[in-house]
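Engineer: Taking the working numbering as reference, the numbering of the sequence shown is continuous, increasing by one, and the terminal residue is 255.
Among these hints, one or two may not hold up.
As the list claims (entries may be wrong) - The calculated lysine-lysine pairs, modelled on DSS-like cross-linking and capped at a C-alpha distance of 30 Å, are:
(1) Lys154 x Lys206
(2) Lys152 x Lys206
(3) Lys206 x Lys247
(4) Lys206 x Lys22
(5) Lys206 x Lys235
(6) Lys247 x Lys235
Keep in mind the hints are simulated off the structure, nothing from the lab.
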Amino acid sequence: METLQVTRHDGIVTITLDRPAKKNAIDATMWDELLATFREIGDSDTDRVVVITGSNGEFCSGADLTAGGRPRHQLAAMRHVGDVALALHRLPQPTIAKVRGVAVGAGCNLALGCDLVVAGETARFSQIFARRGLSLDFGGSWILPRRVGLHKAKELALLADIIDAPEAERIGLVNRVLPDGDLDAFVDDWAARLAAGPPIALAMSKRMLDTSLQSTFEQALDDEGQSQTINFGTKDTLEAMSAFVEKRAPRFEGR
């Protein structure tokens, strides 16, 4: 690939945005490669967890607005951007954003679109769109109020301030903030724990949480019942019970 590094190890897929001269800004090629990569992972039986990060100490400076100017067919281009956001959202695997440096605009929402966000102390976040004469995109209008609440989301979107990592943690934008030197080891640990988990059960928990704000309590209970019925029919649940009795760690296979 031209703009991404994709590596796999022990069920963990690491996607590294790799346009360091542009602080990993997303151009047309990267949009295409992200979409293809997300769809490939979504169809995989062996990929257990996804880590998204950026090269050269930066996460992502947003869409590359200097790459050829405004597309001739803007709405079609934005639908393509939406396809990428939806492909990330639909991944059954848990996703972790590992953020150093800037995560602004679409880059901020790429991070927030992951299930977990872990930031280094140098990380900076911004819904910078208004400074560019633009409104939110890459799912920001949906993700942001779910992360921080409606009024704080409006503050971040309308004022387009840049906030540092401690403030991002305080308002619930990220899960953890760590010294930059500790970031890799921490994310490696979380990724390994998730990769060792039961894939079917984790995927169903993730889906139910993602749809919880659109569900009634009754619908949520029905979903839980259906999910548990599926779980009890898998070999992974039998393995978990055997491991408990035998006092050992379970070995989940996703079936």
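Engineer: Can you name, in rising order, the numbers of the hints this structure does not satisfy?
Structural biologist: 4
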